[in-house]
Amino acid sequence: MTTSDPPMPSRPRSATIILPAEPPPPIATTRTASPTTVKPPENKVAPAPVAPNLDAVPRPGEATVKLTIDGEQIEVRKGTNVLEAAKLLGRDICHFCYHPGLSIAASCRQCLVEIEKNPKLQPSCQQPVAEGMVVHTESPVVLEARRALLEFTLKNHPIDCPICDKAGECTLQRHYMDHDHQLTRVDVAKIRKAKHKDIGREIVLDQERCILCSRCVRFCDEIPGTGELTMTFRGDHQNLDIADGHRLDNAYSINVVDICPVGALTAKDFRFAIRPWELKATPTTCQGCATGCAIELQHKHEDAYRIVPRHDPDVNGHWMCDEGRYTYKELASDKRIRHARVDGQEVPLGHAIASIARRLRGNNKKVAAVFSGTATNEANRALADLAALLGAERFVLGRTAGKTDELLRDADKNPNMRGAIAAAGAAKHEGELGLELAGRAYDAVLFLDGTFELSEVVRSALGAINSVCLSDRITPLAEACSIVLPATSWGETLGTTINRQGRLRVLQPAWRPEGDRRERADLLRDIALALGERDLGSSRDRSAAIAQEFDHAGLDQLTREPIAARPTLLRFSNTRG
Amino acid sequence: MSAPTPTSPPRIASNAAETIDARGRQAGELSLPPSLQQFADDAERLPTDELIVNMGPSHPAMHGTVRIVLRIDGESIKDADVQVGYLHRGFEKESESATYTQIFPYVDRLNYVSPMLNNVGFAMAVEKLLGITAQIPERAEYIRVIVGELARVADHLTCITASLAELGGLTAFFWGNRAREHIWDLLEDVSGARMTHSYCRIGGVAWDLTRDFDAKCKVKLAKVRGLVVDIRKLVDRNRIFLDRMEGVGAISADDAISYGFTGPCLRACGVAYDVRKDHPYSVYEHFDFDIPIADAGDNLARYLVRIEEIEQSMRIVEQALVQIPPGAVIVDDPLVALPAKREVYNSIEGMIAHFKHIMDGLRVPVGEAYSYTEGGNGELGFYIVADGSGRPYKNRCRPPCFYITAALRQLIVGANIADVVPIFGSLNMIGGECDR
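Read top to bottom, the protein sequences are chains A and B. Numbered by our numbering, the letters in the first sequence go through residues 1 to 577 in order. Numbered by our numbering, the letters in the second sequence go through residues 1 to 436 in order.
In short, the hints are calculated from the structure, not lab data. Possibly wrong hints are sitting among the right ones.
[Unchecked claim] Each computed DSBU-like pair below joins lysine-lysine, with the alpha-carbon atoms no more than 35 Å apart:
#1 B/K223 x A/K280
#2 A/K300 x B/K216
#3 B/K223 x A/K300
#4 B/K128 x B/K233
#5 A/K155 x B/K394
#6 B/K341 x A/K300
#7 B/K223 x B/K93
#8 B/K233 x A/K280
#9 A/K268 x B/K341
#10 B/K223 x A/K87
#11 A/K190 x B/K341
#12 B/K216 x A/K280
#13 A/K280 x B/K277
#14 B/K223 x B/K277
#15 B/K216 x A/K195
#16 A/K197 x B/K216
#17 B/K277 x B/K233
#18 A/K87 x B/K233
#19 A/K120 x A/K197
[Stated by the list, open to error] So these bits of chain A aren't anywhere near chain B, every CB distance computed over 10 Å:
#20 R77
#21 P128
#22 A148
#23 H157
#24 P162
#25 L172
#26 R174
#27 D180
#28 Q182
#29 F270
#30 R459
Here a beta-carbon is modelled for each residue, glycine too, at the ideal position from N, C-alpha and C.
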């Protein structure tokens with residue numbers, strides 16, 4: 001390259017067609033997670049990764065194109081491709097390498113379609129729609145091409161289904177049954193390549209299973225922009241591999257497992273843990289940071305096994321960070337608090353509530369109410385009501401700040417700091433300082449969550465006063481408090497949070513809570529009733545009110561259906577891969 | 001007992017000599033103290049007092065699967081409330097979460113004395129939905145007929161000999177069971193299981209007959225024939241048997257049809273309806289067999305029809321063994337049939353096909369179908385609604401004996417308690433099928 005050459009665009013590198021939908025999002029500014037003064041942060045612009053491919057749904061005011069697909073005429077957005085246009089008609093053209101969130105490679109050739117006046121079959125993912133175009137997606141030539149390509153792809157594929165983590169949600173399996181389903185005609189040895197190659201902190205690569213679609217290569221190039229993966233050699237011997245001297249250690253690496261159409265890339269955390277068809281999926285929101293990515297919590301009965309991102313164009317696009325994926329470990333059953341504890345003794349919930357009422361009662365008692373950035377709006381609002389009844393001082397606490405980047409990870413590791421601050425209203429204190437004050441100046445302190453870090457100073461301060469903690473799992477703070485009430489975890493809660501963009505995010509229960517675990521707002525309501533105060537209303541009532549406030553139809557529906565268990569079986573699944 | 005003499009009257013209350021007591025007895029008659037009198041009066045009234053009696057579900061003749069609440073007057077039945085449902089297993093609901101192939105073990109447990117017939121009936125319903133009825137290999141059809149008719153023999157033998165055992169004819173029961181063992185030996189050779197075979201598959205059968213099946217079948221059928229002759233010799237002209245069977249539990253042809261009777265119970269009323277003849281399916285048109293009928297519609301008629309059907313079924317099996325062509329036993333369609341094991345273990349194509357077949361199930365197109373066959377008790381129907389997935393949206397079973405059991409009340413009202421046992425036995429209510 002000579003010096004006079006224009007600089008190469010840094011990303012995407014392997015793309016052949018790039019159709020930017022919108023200007024790239026402005027870089028989000030970082031902020032400290034624990035400001036000393038409590039005021040609601042400004043709304044951030046959505047930093048969601050922008051999909052390079054336009055969907056085909058016509059937008060008002062945008063140019064459209066009319067074309068015919070399989071005899072049906074359809075009007076689609078200009079600039080989209082034939083594959084997306086066919087999706088609008090409910091025709092799922094089979095493909096491996098195309099991904100709506102990545103640039104187009106057209107390397108798998110699986111999506112070939114017949115376009116009239118075109119001598120050869122064309123890859124529908126790479127073919128922009130044109131006025132008057134006539135497309136055939138199911139003509140004999142196309143079907144034969146699909147079948148032949150699958151046969152070719154399967155030629156070197158190892159017989160791994162029984163030990164492959166992807167089996168059951170594998171795109172190759174699905175396409176084989178849909179479009180090929182004939183037995184092998186070749187009897188030659190398969191090319192052997194490396195199996196279970198450790199290529200990164202989270203990822204194991206099986207080169208034999210790889211069908212060379214290059215989705216993962218494009219992901220690493222285009223989304224985190226780190227470019228660790230590459231293709232080496234050619235033909236039968238072509239390999240997916242890590243670039244020399246690199247490891248796949250970026251903060252978004254597990255996304256390559258989701259987009260891998262086969263089981264070539266598997267997550268160390270999920271490998272051999274469970275079969276995907278045993279899992280049920282509950283759509284909910286990630287509780288790892290203020291971004292609030294749309295996720296599916298995948299679980300069997302009451303045990304979560306993994307989190308995968310859901311497509312949400314306004315928040316997280318198709319992706320989520322590795323850190324967020326591990327938040328399901330908070331839901332581990334061995335850490336759950338199932339029953340109330342008073343002074344170290346397990347007691348029935350009613351006894352614990354009565355104890356709290358006894359200890360809080362009295363006009364001259366000074367009470368501190370600690371709101372939480374890790375609890376839902378419902379819980380924080382209930383605490384605000386209770387604090388008003390008790391005349392309590394308000395504090396807002398949250399997790400300490402963490403790593404951040406321009407993409408999805410926010411330094412504020414609290415999913416609902418905005419909601420907590422809004423609910424606390426006239427709060428004065430936040431952070432460690434507030435806890436110390438609480439120790440010195442108050443007779444009792446009530447924590448909405450047990451996730452805050454606990455220093456020695458606070459521990460000793462808590463030892464001297466009545467402390468109540470609503471916690472779903474055993475934490476240092478919960479263990480230091482004299483009364484612990486069993487609250488629901490985010491896997492069991494119907495509730496809402498407000499993310500860094502100011503958007504309302506909905507949490508849905510994946511399973512019924514065990515033991516005496518109850519929604520935080522319901523526990524606080526019981527405390528108010530035990531104190532002889534007015535009924536604060538149930539958690540569900542609050543959700544319904546929030547649904548009204550934010551005009552959120554989905555949440556409104558959830559509050560009317562008692563348990564939102566909508567397990568998604570993976571049979572004939574089209575959702576992943 | 002001699003009449004009381006004047007010198008020693010059986011007088012208890014001497015002071016009531018000239019009075020007529022409250023019960024209208026002449027003075028001097030036998031009179032008891034009030035408590036004993038009450039007892040004696042009750043005993044006098046007993047024959048005319050109606051009584052509610054539970055028969056079943058733990059009564060041995062009720063098979064643990066049905067309860068009849070009888071209102072009796074002495075020995076005669078005034079009214080009856082027949083309650084089914086003791087063997088309800090949720091078959092239809094269970095089917096909705098099982099793949100089409102996984103339902104075969106469930107249908108085995110419908111009429112558990114002739115599971116092969118249920119297997120065939122269910123497979124045909126799914127094949128109708130798939131539109132592959134015409135493509136089933138002929139050899140598979142013949143095998144289905146052979147195992148189905150053997151199952152029918154076992155079914156009738158069970159019905160006949162179990163009801164003989166309930167009447168006390170234990171010898172016939174043992175002989176009948178021995179004959180049934182011969183049939184089960186054959187079916188075990190074919191399927192690997194004596195009762196719950198799960199041998200059929202959508203599109204054919206699981207595997208071919210054993211190599212020596214033909215020879216073995218001939219030997220076994222000869223033995224079964226001999227035993228059936230022995231049983232007939234024992235009971236056909238047995239006075240006790242005839243007294244219990246003849247004219248008992250009779251139903252008219254019109255009533256039987258209006259109740260929805262099919263099978264041997266309907267044919268015992270003189271209606272020659274048999275799905276194999278009237279709506280021929282599979283390869284039944286290729287065989288020469290008769291439909292036995294009887295006129296009386298009573299227990300004996302049902303016995304006679306069944307015992308003759310055993311012979312007719314064996315005729316069909318013998319003809320089928322001669323006619324059976326060589327060839328494949330399951331349809332050659334990778335979307336319907338499992339790939340051969342050598343393909344599964346040695347090629348990725350076979351592996352994926354096997355995996356998807358087992359995990360997702362057959363892809364049955366959206367639609368609905370009712371398919372009916374001649375089961376052991378009559379018309380066994382399956383009505384399946386498919387939603388395009390690998391599992392039925394709805395799988396409704398028409399169990400033949402459910403409609404027959406519905407007539408039980410009519411048959412036993414007016415009869416004696418002892419008649420309930422042979423009537424119920426001759427209807428051949430099978431809990432697994434009736435209650436599902």
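Quick rundown of the hints versus the structure:
1. For the proposed pair B/K223 and A/K280, the alpha carbon gap of about 56 Å is over 35 Å, so the pair is violated.
2. For the suggested pair A/K300 and B/K216, the alpha carbons sit about 50 Å apart, so the restraint of at most 35 Å is broken.
3. A hinted pair counts as satisfied when its Cα atoms are at most 35 Å apart, and B/K223 with A/K300 does not qualify at roughly 55 Å.
4. Simply put, B/K128 and B/K233 have alpha-carbon atoms about 44 Å apart, too far for the 35 Å limit, and the pair is violated.
5. A C-alpha spacing of about 39 Å is found between A/K155 and B/K394, which places the hinted pair above 35 Å, so the restraint is violated.
6. Between B/K341 and A/K300 the CA atoms are separated by roughly 31 Å; this keeps the pair inside 35 Å, and the hint holds.
7. Distance hint between B/K223 and B/K93 is unfulfilled; the C-alpha atoms sit about 41 Å from each other, more than 35 Å.
8. Of the supplied pair hints, the one linking B/K233 and A/K280 is violated, its CA atoms being roughly 63 Å apart against a limit of 35 Å.
9. Simply put, A/K268 and B/K341 have alpha-carbon atoms about 32 Å apart, close enough for the 35 Å limit, and the pair holds.
10. The straight-line distance between the Cα atoms of B/K223 and A/K87 is roughly 66 Å, outside the 35 Å bound, and the hint therefore fails.
11. A C-alpha spacing of about 19 Å is found between A/K190 and B/K341, which places the hinted pair at or below 35 Å, so the restraint holds.
12. For the hint linking B/K216 to A/K280, the alpha-carbon distance of about 51 Å lies beyond 35 Å, and the restraint is violated.
13. A threshold of 35 Å between alpha carbons decides the hint, and for A/K280 with B/K277 the separation of about 49 Å lies outside it, so the pair is violated.
14. About 28 Å separates the Cα atoms of B/K223 and B/K277, which keeps this hinted pair within 35 Å; it holds.
15. In summary, the hint linking B/K216 to A/K195 is not supported, as the alpha carbons are separated by about 53 Å, beyond the 35 Å threshold.
16. For the suggested pair A/K197 and B/K216, the alpha carbons sit about 58 Å apart, so the restraint of at most 35 Å is broken.
17. Between B/K277 and B/K233 the CA atoms are separated by roughly 30 Å; this keeps the pair inside 35 Å, and the hint holds.
18. Restraint check for A/K87 and B/K233: the C-alpha separation of about 74 Å exceeds 35 Å, so the hint is violated.
19. Note on A/K120 and A/K197: the hinted pairing is violated, with a Cα-Cα distance of about 39 Å set against a maximum of 35 Å.
20. Every C-beta of chain B lies more than 10 Å from that of A/R77, the closest at about 30 Å, which supports listing it as non-interface.
21. Residue placement check: A/P128 keeps its beta carbon more than 10 Å from all beta carbons of chain B (closest about 33 Å).
22. A/A148, annotated as away from the interface, keeps every beta carbon of chain B farther than 10 Å; the closest lies near 13 Å.
23. With a closest Cβ-Cβ approach of about 5 Å to chain B, A/H157 is found to fall inside the 10 Å limit, against its non-interface label.
24. Its beta-carbon lying about 8 Å from the closest one in chain B, A/P162 breaks the requirement of being farther than 10 Å from that chain.
25. Against the 10 Å criterion, A/L172 falls within the reach of chain B, whose nearest CB is about 7 Å from its own CB.
26. Here A/R174 does not stay apart from chain B, with its beta-carbon only about 8 Å from theirs, under the 10 Å limit.
27. Non-interface status of A/D180 relative to chain B is broken: a Cβ of that chain comes within 10 Å, the nearest being about 7 Å off.
28. The claim that A/Q182 is not at the interface with chain B is violated, since a C-beta of that chain comes within 10 Å of its own (minimum 6 Å).
29. Look at A/F270: its CB is around 18 Å from the nearest CB on chain B, clear of 10 Å, so calling it non-interface holds up.
30. With a least CB separation of 52 Å from chain B, A/R459 remains clear of the 10 Å interface cut-off, as annotated.
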